[in-house]
Structure formats: C-alpha cells, structure tokens
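S.K.: Sequence:
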Amino acid sequence: MEEDKFALVEKILKDVETIMSKNAELCSFDIVPVDTNFQNKSPVLHLENCLGLESWCVKHVYMYCYTELMDKYFSKPKRKSLKVTTLNAERLAKLLNITLLLNPELSTLWNKRREMVEKNLLDKTFELRFSRIVLTRKPKCNDAFAYRRWLLKDIFLDINFRNNMDNCINEELNICGLTSEKSPNNYHSWSHRMWLLQKLKSLSIEDMSTLHIKEYDLSQQWTAKHISDFSCYHYRQFCIKNMFSMKSTEIWKAFENTVNISLRKSFVRILALNFPEDTTIHSSENDLLNYSDENLIILLLGKSFKNNCSCPLDFFMICRQVELLFHELSLNNELIRFYKQHETLWYHRRFIFHELMSIMYEYFGLVRQNSVIVKNVCGVCQPHELLQKQVKIVKYDSNCIFSSLLFNILITHERNFYEERSSDGDNYADRHEKYLKFVEGLNFNNT
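Going by this note's numbering, the first residue of the sequence shown is number 7, and it counts up by one from there.
In case anyone wonders, no lab produced these hints; they're calculated from the structure. One thing to keep in mind: the hints can contain errors.
[As the list claims (entries may be wrong)] No farther apart than 25 Å at their CA atoms in a straight line, the calculated lysine-lysine pairs in the DSS-like style are these:
| # | residue 1 | residue 2 |
| --- | --- | --- |
| 1 | K125 | K146 |
| 2 | K65 | K100 |
| 3 | K118 | K78 |
| 4 | K146 | K65 |
I would like the entire structure built from these sequences, with the hints used as guidance.
M.R.: Okay, structure coming up:
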C-alpha cells in the first residue's frame, strides 16, 4: 500500500510539473473539495489556465514532499544536507513547487528558492509567475510578497529589463488589486503596493506624478466601497503625502480632472460655512475663489515669522496641501454621516486633522514634540543648531496659530461636527474629542 501511495504522489508531482512548465498562461491554483477518489483518475485538475488538486490527496502529497525536503536538502544535527547543484535542482524545484502551493507560509522553503535563483538554477520570470499563482490561493501570504520584492530589486536594476518596465509595474499593481479583492483588509497587499511606488521613486522613473494621481483616485474608489478597510486608508494617507510633493500647476490640474473635483471650491465652501461670528472678515465664496494662493494663505494664517529662517515660503504648495486636506475632510464628513459607527473613518479623520495642524506649525516655524510645541530649526538655514536642545516657545509664539483664521475655522468645523455626531449617538465622536484634547492638545471649551 505504501508503495502504491508513493507512486501516486510521484504521478501527481509529474502532472503538476508538466502543467506548470507547458502552460505559461497558468494564473491560479486552488484545492478542490473531494472526499474520496471514486473515479480512479488523477486528482490533478487543469481547466482554462487554472490548476487544482483534489483535497483527498493533499495530506499524502504534502507529507511526502515535506519529509523528503527536510531529510535531504536541509541540514540536521550530525547530518549533512545535499548541496543544491544542477543534478538535483530539477527534483528540488519539483518538491518546492507543490509544497509551497499547498502551504506557502514556510519561510525556509522560500529561502531555498532564493538560493537556487542566486545559482541561476531557477528563472526569475518563472518565479514571479509562480509566486503570483501562490497568491491566488493565499492572498495574505507575506512570504510570497517578500519573495516578489526580493526578485524585483534585481530585475529593476537590469538595464535590459527597463524596456519592459511598464508591463512589470502594471503586473504588480494587478496582483495587488487581485489579492485585495480576494481578501479585504489585506495589509500585506497594500504594503507591497506602497513598496512598489517607493521603489519606483528611488529609481527616478519618469511620469511618477501620473502614477501618484492614478493611485490616489484608486484609493478613493476603493475606500468608497470598503469603508472599514484600514489597510487601504493607510495607503490613501501615503498617496496624500505623495501628492504633497507635486509642485507643478499642470499636475494639479490633471489631478482635479482625474478625480473630477475643484479643490478650491470644496475648500472655500467649508471656509464660508465656518467663519467665526466675531471676525471682521466677511468674504463671499466668489471673493475667496478669486484670491491668489498667497493672499488666501495670508488671510487664513497671517504673515509667517519663522525664526532666523530665510527660506522662501511656497504659497502654491501650502495652498494645495490645505485644499487637498479639506477635500478629504469633506469626504470624511459624508462617509461618517452615511456609515455610522465605523472606527476606520474616525482614525482617518485624526490623520487629516494632524496634517492640517502640522502645516500650520511649519508655517510659523514650530513643531510639536512629545506634547510640547517647540521652535523648529531649519536644516538649510541653521544646520549648526540642529544638534542643540530645542527650547519651549513663549505664549506669543503659540498664539499666532491659535488666533489664526484657519485654526478657528477648523476648530469650529470640528466642534459642530462633534456635536452633530454625538447627538446622533456615535460613540466614536467622544473618542475623537478626547484625541483632540489629549494628543493634539486642543480643547473645544477653551478655543
């Protein structure tokens, strides 16, 4: 019986290897629930570029392959393992393939594949295809994503491969989309997507701004369908910070056309609704729309007086950043009103508020560290002061922020929204108020 069982496993190994080597379009793998082998045929299923294995044989195949791998190719006390050579590479690859398809959460086996790639015993293109097949069954397999990143680092450095860079980028983005669809809240998938953009940026790939815009738009569409996907919201915050580095007017126009919004109109609408009652400024929405970037920022924040810093202020970028964050705030308002009791939405609101406060602190040459506001030292103008201990600011320095029109509009907006959601029974509104008080150091009652 044992010999018959081993013969069956070898037949399964051969069938799987034949399908994987001959079908370059193979796109997925899964285990098909079948209790017993009634029809006395091969349990390997192959249909329309999809590979399957009947469940009744999984235990036998896995134990057979895993045992041979551990006994022959991995060292044990008082026993030497076989060195990987061209003579045993084919057998080793065959065992690794089926074992990782059945159980991809084995870092040791992925490391063995890395060893074989370094010795040119496995093709990198095939390995990318193999790891994709693994991810179709286990979309949250961190080892498979890590293996792809390891392969891509070398592939991106290959000059001959640069001509095929667009296809490679699209393939990675498609895989991230596929795994996110298969498994919501897929932290590993969104982290891999984040790594890809960071890697491309370090390689100075052209037209990164277009990619950043597309990814921001994708994250907006995704979060609209998956309200509690905290992993995607983390990626969306990454996309927002990428947009902060876009310094071209044409890029921001392309951004507004892509997401089909007017940042200035969305921003001005919130400003007009939340002007403090005691302000002497009574500007209509049309007036604010016609303000230049510099005039609008000076109206909202006043004149900056960075301490001994001669770096010019980029009013264009400050205005775009504030407009984008207020657009996010407006979207967040709508989602929280429509989808009650979703913690992820309130966490994203914290990020928006924190970024707005950071922009105001930076505008006045300040920074919040360990719940204390200190003077920020410019690394360009004052590099010699970076190593000195930063001193606390006097009350006048902080008053420039707390008395600014933008701060008061933001606080008024948050207070009104907090009261609205509290009256509607949303418990997360109280948590948000405590966050503003104990983390950001703001109190509705004292502002």
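S.K.: Please go over all the hints and tell whether each is borne out by the structure.
M.R.: Outcome of the hint check:
Only pairs whose Cα atoms come within 25 Å are accepted, and K125 paired with K146 is rejected, the gap being roughly 28 Å. Taking the CA atoms of K65 and K100, the gap is about 17 Å. The hint holds against a cut of 25 Å. For the proposed pair K118 and K78, the alpha carbon gap of about 13 Å is at most 25 Å, so the pair holds. Distance restraint check for K146 and K65: the Cα-Cα separation of roughly 22 Å lies within the 25 Å cut-off, and the hinted pair is therefore satisfied.
When each numbered hint is compared with the structure, a violation occurs for hint 1 only.
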